[in-house]
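2 protein chains.
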Amino acid sequence: MTKRDPGANDELIFVPLGGAGEIGMNLNLYGYGPPNKRQWIMIDLGVMFGGDDTPGVDVIMPDPGFIEEHRRNLIGIVLTHAHEDHIGAVGHLWPRLKVPVYATPFTAALVRLKLEEEGILDEVPLHVVPLGGELKLGPFHLEFIDITHSIPEPNCIAIRTPLGTVLHTGDWKIDPKPVVGRKTDVDALRKLGDEGVLATICDSTNVFVPGRSGSEADVGTRLEAVIASCKGRVAVTAFASNVARMQSVVRAAQKAGRHVALVGRSMHKIAAAAIETGYLKDMPSLIDEESASDLPANKVLYLCTGSQGEPRAALSRIAVGDHPHVSLGPGDSVIFSSRVIPGNERLIHQLQNDLAMRGVEVISAEDHDVHVSGHPARDELADMYAWLRPRIAVPVHGEERHLREHVRFAKSLQVPTALHAPNGSMVRLAPGEPTIFDEAPHGRLHLDGTIIARGDDSALKERRSLAFAGYVAVTIVLDQRDRPAADPVVICAGLPATIVEAARQAAGDAQDRVRRFDDAARAAEEIRRAVRREIQDSWGKKPVVKVEITRVG
Amino acid sequence: MTKRDPGANDELIFVPLGGAGEIGMNLNLYGYGPPNKRQWIMIDLGVMFGGDDTPGVDVIMPDPGFIEEHRRNLIGIVLTHAHEDHIGAVGHLWPRLKVPVYATPFTAALVRLKLEEEGILDEVPLHVVPLGGELKLGPFHLEFIDITHSIPEPNCIAIRTPLGTVLHTGDWKIDPKPVVGRKTDVDALRKLGDEGVLATICDSTNVFVPGRSGSEADVGTRLEAVIASCKGRVAVTAFASNVARMQSVVRAAQKAGRHVALVGRSMHKIAAAAIETGYLKDMPSLIDEESASDLPANKVLYLCTGSQGEPRAALSRIAVGDHPHVSLGPGDSVIFSSRVIPGNERLIHQLQNDLAMRGVEVISAEDHDVHVSGHPARDELADMYAWLRPRIAVPVHGEERHLREHVRFAKSLQVPTALHAPNGSMVRLAPGEPTIFDEAPHGRLHLDGTIIARGDDSALKERRSLAFAGYVAVTIVLDQRDRPAADPVVICAGLPATIVEAARQAAGDAQDRVRRFDDAARAAEEIRRAVRREIQDSWGKKPVVKVEITRVG
Chain A
1 MTKRDPGAND
11 ELIFVPLGGA
21 GEIGMNLNLY
31 GYGPPNKRQW
41 IMIDLGVMFG
51 GDDTPGVDVI
61 MPDPGFIEEH
71 RRNLIGIVLT
81 HAHEDHIGAV
91 GHLWPRLKVP
101 VYATPFTAAL
111 VRLKLEEEGI
121 LDEVPLHVVP
131 LGGELKLGPF
141 HLEFIDITHS
151 IPEPNCIAIR
161 TPLGTVLHTG
171 DWKIDPKPVV
181 GRKTDVDALR
191 KLGDEGVLAT
201 ICDSTNVFVP
211 GRSGSEADVG
221 TRLEAVIASC
231 KGRVAVTAFA
241 SNVARMQSVV
251 RAAQKAGRHV
261 ALVGRSMHKI
271 AAAAIETGYL
281 KDMPSLIDEE
291 SASDLPANKV
301 LYLCTGSQGE
311 PRAALSRIAV
321 GDHPHVSLGP
331 GDSVIFSSRV
341 IPGNERLIHQ
351 LQNDLAMRGV
361 EVISAEDHDV
371 HVSGHPARDE
381 LADMYAWLRP
391 RIAVPVHGEE
401 RHLREHVRFA
411 KSLQVPTALH
421 APNGSMVRLA
431 PGEPTIFDEA
441 PHGRLHLDGT
451 IIARGDDSAL
461 KERRSLAFAG
471 YVAVTIVLDQ
481 RDRPAADPVV
491 ICAGLPATIV
501 EAARQAAGDA
511 QDRVRRFDDA
521 ARAAEEIRRA
531 VRREIQDSWG
541 KKPVVKVEIT
551 RVG
Chain B
1 MTKRDPGAND
11 ELIFVPLGGA
21 GEIGMNLNLY
31 GYGPPNKRQW
41 IMIDLGVMFG
51 GDDTPGVDVI
61 MPDPGFIEEH
71 RRNLIGIVLT
81 HAHEDHIGAV
91 GHLWPRLKVP
101 VYATPFTAAL
111 VRLKLEEEGI
121 LDEVPLHVVP
131 LGGELKLGPF
141 HLEFIDITHS
151 IPEPNCIAIR
161 TPLGTVLHTG
171 DWKIDPKPVV
181 GRKTDVDALR
191 KLGDEGVLAT
201 ICDSTNVFVP
211 GRSGSEADVG
221 TRLEAVIASC
231 KGRVAVTAFA
241 SNVARMQSVV
251 RAAQKAGRHV
261 ALVGRSMHKI
271 AAAAIETGYL
281 KDMPSLIDEE
291 SASDLPANKV
301 LYLCTGSQGE
311 PRAALSRIAV
321 GDHPHVSLGP
331 GDSVIFSSRV
341 IPGNERLIHQ
351 LQNDLAMRGV
361 EVISAEDHDV
371 HVSGHPARDE
381 LADMYAWLRP
391 RIAVPVHGEE
401 RHLREHVRFA
411 KSLQVPTALH
421 APNGSMVRLA
431 PGEPTIFDEA
441 PHGRLHLDGT
451 IIARGDDSAL
461 KERRSLAFAG
471 YVAVTIVLDQ
481 RDRPAADPVV
491 ICAGLPATIV
501 EAARQAAGDA
511 QDRVRRFDDA
521 ARAAEEIRRA
531 VRREIQDSWG
541 KKPVVKVEIT
551 RVG
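Going line by line, the protein sequences match chains A and B.
For the first sequence, position 110 matches number 110 in the numbering used here, and the numbering has no gaps at all.
For the second sequence, position 77 matches number 77 in the numbering used here, and the numbering has no gaps at all.
In case anyone wonders, no lab produced these hints; they're calculated from the structure.
Source: prediction; values computed, not measured.
Each hint should be verified, as a subset may be incorrect.
[To be verified] Covered stretches of chain A (chain B as the covering partner; in silico rule of three or more C-beta atoms under 8 Å from a C-beta of chain B):
| hint | region |
| --- | --- |
| 1 | 48-54 |
| 2 | 337-350 |
| 3 | 459-465 |
| 4 | 485-495 |
| 5 | 547-553 |
Note that beta-carbon positions come from the ideal geometry of N, C-alpha and C, so glycine has one too.
Whole structure, please, built from the sequences with the hints as guidance.
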């Protein structure tokens, strides 16, 4: 790379729009140039998943409005790795940005599937970057550096600019034996440190976890022991994207004389992408679910989706006896080779209870060490900072409490400046003292059915109210002289029967009490209040009540 | 006690109606006598709390229908201790049972408050049993045996009958230094074992936890160290009912030269009950919230409710700056001296993030050992079985997976028969081989507003659907000759604006298409389907749609 001098007014800017306030939906922006002529690159464009507090919303994305406005100066979207919280929004939000996308082969294979689903594969310029490759995007010179994580091909991105080098870590850990894929390129990181690193933008997920995250290879060894000790059918559930885990499970099955059947759509999808891009090379031939059921119990191992208790995933269907080809019962075992994502406890415990009810033995990471995290614990973070010796640390990929702790921890490791920069922070990394100089618009988008709505959208808020206390819709019918022409029509949902009756009665009484209907809005409001008050008195809760007035004629 | 011989057809029956399938809402029945003349006692009558999956329902109770039917033969309700999952339903369900209630002093004090709230204090015969006391209820001779837990006055109940003795453990642990209240009466338990125990009905909460639960006294020591190291204001949050923890926090505060203010209604309620019944004797005078805010930061300690992130509790209000008298900021610390109840992770993390956002340091049990469980880990369970040497073990107080594991564990401890008896199991403990001979009706009741509804109630189910995809209420207005007299009135809730428009359009089109309205039900159904189909096509989700037809004239 030829070094270039910075222009007189050049600045290097970092703006997280997602992921610095939650673990999920990452969207990071880097800007370079004078304030009126900044050029931008985006690193990652992910989602998080909705939960019980966002009913009807499965997918949540960062609002890209800020960069959408500047999209003429957005050069490209660079993806660090293929987890949903880093690539999941590309299919949904690319049409708003329409810039080239860059990813290494495995990530690109999975992005391609997403674009196909959205019907925009032909439109999107998706460029495959080789592992360890380099990329020149306007003023940014990018180098992909091998690291390890819980998916093939995680990358740190070294971003060189005339004002200094930033290392964007992406998601990472230091796994000495990653089972699948390359090891962490410690030499490249050390070299970068020697060269001088201005800022490290780093994963905070496990900043509260002491020690080290452990190795995939060790999980493999423990899985071998556990699987060898099982007698009946065995099902292992793990994140489909953890190809190393898949490899370990298959090896353990082989050693135990079991044939492996993949169960669940995403297992098949990821396995295909992995094989296509050169991973999972020494896989014995897998069998399909149907053939598996013909084999003796001790010859079978199912590798299933559904470790988070997702009701429609394979394992939940097996647990309630609703899977077309796989059934488990007394003597069989299910191994949860996965962590419990916070918020999923209830679903996972329900799943484990359903399995227990069938007499299935449940073996989980809680008591059997059959999982390791893909994120750096404190000793690994310390290694990273020691290799890079950055002038600035900006924690991302964490909730508020993780970011704060990571700032404290980075300072304790002698990083001169550690910045707490939540979503929307416009951080000037250089020149001068690093500082947050402005706030960019930021927020969440909800995929509500097929509609992308703002996260503060009133429809979802109203649905939450409906869930709490139900709904009463009242229609008042007037004749042409503004006199009631029928009893009010009261249509309720989610109310106990006695309360429905009370609502009907209250609406009738209120209609009788209204003297003049010529001011329709006022009459409607009067009736609405009367119905709400009556229900509050008899039920102790206030439903959503809406009143409409119609005229016949 | 004078021994009595069993009648020829006498049987000893155990029936869990709640708590053997969930950790919460305990309701245990013991029956004695010939099948046609059984007499019953109830042990505990608790609740659990609703969550995101039961919107609008705060309290869930076991359905007492089975014993309600036999209430003429129900002699009394005996309470083991004052936790909500053991006494919380007494106020709601006593009116269905109308039998005397028995409890030790501290438990009785808290039950009294509940009965007062429900306005039935004068009606309920509430009998106070002394610690270690005995009680004769028909064929049952009860002995209260001191044990330890995370609340004052937990009791094991030894139930002696002519067919043998059952030990109902209630909730327990073996705490060598419980800080408040008596120690476990190991002698009494050993003596009971020597005398011969037919069955042990035992707490399963921590059957997956190896080792021992630890002691309250050790938590006290660690709290002292942590509090001593804090500089600014300190808030500690813990379960209000854990009076020993309250005592430890006050002692630690004293040593650190801090004055303690209780914050939150239940802290005050429990402290009053504890003082009234002779606990918390050497408490220094507490200060109130308002005076506390006038003291220097390092002289104050707030003991707060809200460790589970309950949005209306003191700590959540403090965290969002909405508490009238307590405010925390940079330099202050909040200590979570409590466990994370599964299902509350999201709320607790939100709370901790809100605190972090204010610059408050969050110290939690995860990294500082400032909490111990009140339930027996495996070594404690092993002790209990060794002391009692029962012929039968019936695990309760657990989800399905806990009950199953407890059965396995009891068998490994040489208990001859361990029975998996989920809610509704009618277990014949004697005579003969213990067996589940029938299933009693069982289920859940929901406190929905002021109405007690069955857990499979359609109102709640409908509210869940409303939360997912909203609601469309359509009113069709016909004239006296069954012709439409107005456009359909479409009242929507929880739908995006564009979908509301589509629904309106679809209803109008459908009304135009319907040829004959004289079969109103059929016409309504046709319009309902058309609206639902249109929304499904344009939104990908199907809301609840209801159509009513009204006639003017």
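Hints and how they fare:
Counting residues of the region 48-54 of chain A whose C-beta lies closer than 8 Å to any C-beta of chain B gives 3; at least three are required, and the coverage claim holds. A count of 5 residues in the region 337-350 of chain A with a Cβ less than 8 Å from any Cβ of chain B is obtained; the coverage claim is therefore met, three being the minimum. A count of 5 residues in the region 459-465 of chain A with a Cβ less than 8 Å from any Cβ of chain B is obtained; the coverage claim is therefore met, three being the minimum. Under the rule that three or more residues need a Cβ within less than 8 Å of chain B, the assignment of the region 485-495 of chain A holds, with 8 such residues.
Counting residues of the region 547-553 of chain A whose C-beta sits closer than 8 Å to any C-beta of chain B gives 5, which meets the bar of three, so the coverage hint holds.
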